[in-house]
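**Student:** Go ahead and model the full structure; you've got the sequences and the hints to work with.
As they're listed, the protein sequences go chains U and F.
Residues 11 to 124 (my numbering) make up the first sequence, in order.
Residues 1395 to 1512 (my numbering) make up the second sequence, in order.
It should be emphasised that the hints constitute simulated quantities derived from the structure, not laboratory data.
Treat the hints with caution; some may be incorrect.
Here are the simulated DSS-like pairs of lysine-lysine, each with C-alpha atoms no more than 30 Å apart in a straight line [said to hold, decoys possible]:
#1 Lys116/U - Lys1403/F
#2 Lys78/U - Lys1451/F
#3 Lys78/U - Lys1403/F
#4 Lys1403/F - Lys1451/F
Simulated restraints, written as ranges between beta carbons of each label pair [said to hold, decoys possible]:
#5 His79/U - Thr1409/F: 40 to 50 Å
#6 Ser17/U - Pro1464/F: 22 to 32 Å
#7 Gln1435/F - Val54/U: 18 to 28 Å
#8 Glu1476/F - Arg68/U: 41 to 51 Å
#9 Gly1397/F - Pro89/U: 24 to 34 Å
#10 Gly1410/F - Lys65/U: 46 to 56 Å
#11 Glu77/U - Ala1408/F: 46 to 56 Å
#12 Glu15/U - Gly1478/F: 21 to 31 Å
#13 Lys65/U - Glu1476/F: 42 to 52 Å
#14 Arg1412/F - Val54/U: 28 to 38 Å
#15 Gly1422/F - Gln123/U: 16 to 26 Å
We put the CB at the ideal spot given by N, CA and C, even for glycine.
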Amino acid sequence: KNEVEQSPQNLTAQEGEFITINCSYSVGISALHWLQQHPGGGIVSLFMLSSGKKKHGRLIATINIQEKHSSLHITASHPRDSAVYICAVSGKGESGGGADGLTFGKGTHLIIQP
Amino acid sequence: DSGVTQTPKHLITATGQRVTLRCSPRSGDLSVYWYQQSLDQGLQFLIQYYNGEERAKGNILERFSAQQFPDLHSELNLSSLELGDSALYFCASSATPGLAGGQGDEQFFGPGTRLTVL
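**Tutor:** Right, dumping it as structure tokens:
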């Protein structure tokens, strides 16, 4: 079983719709990251959070530490939001001090149709 | 533009060969991470360096090695290449690796090197 599970795997929606992508994890973490990868391949960090909620423009990320669950929301979705959204977690670095590298979910492929 | 640079952008080579991928972190960032993204395995953490020292190891094969130089740039060396090593290799950097048990810092990704092994 993957330590980081995302749903849905694929999502197609109409422009303007409210989008929710979910992420569940099974390990102890120091932080959860939401990343965006466009078809060209580049990866952009959207959010890093360890509690509560963060907002940036039309994007909102929330995390519930007790339930080991996070959601990424996109309001007023637009075709330019079409991308793969990846949830990743960083461990507590108990092995050698400092946060370890990220463990990734398989990603959610989002298509927003005009 | 994340400020992280990687060279080359594309690399095509043959099985059995050895290649070196290069990464320059954002100005001021001390920590460098290497990741591999393949179709079957997805994104995987390979190795992390902080200020010249190896900090953490992930799923890095013995045929692969890395180092971080005094100017903080890093190189990932892949040897005895196999078809299955074909992948996108990303480098990321962060300001500090985070204190033990702490949060760690946001990671900024380079554009990646696409390796094709024929």
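**Student:** Hints the structure violates: just list their numbers, smallest first.
**Tutor:** 3, 6, 15
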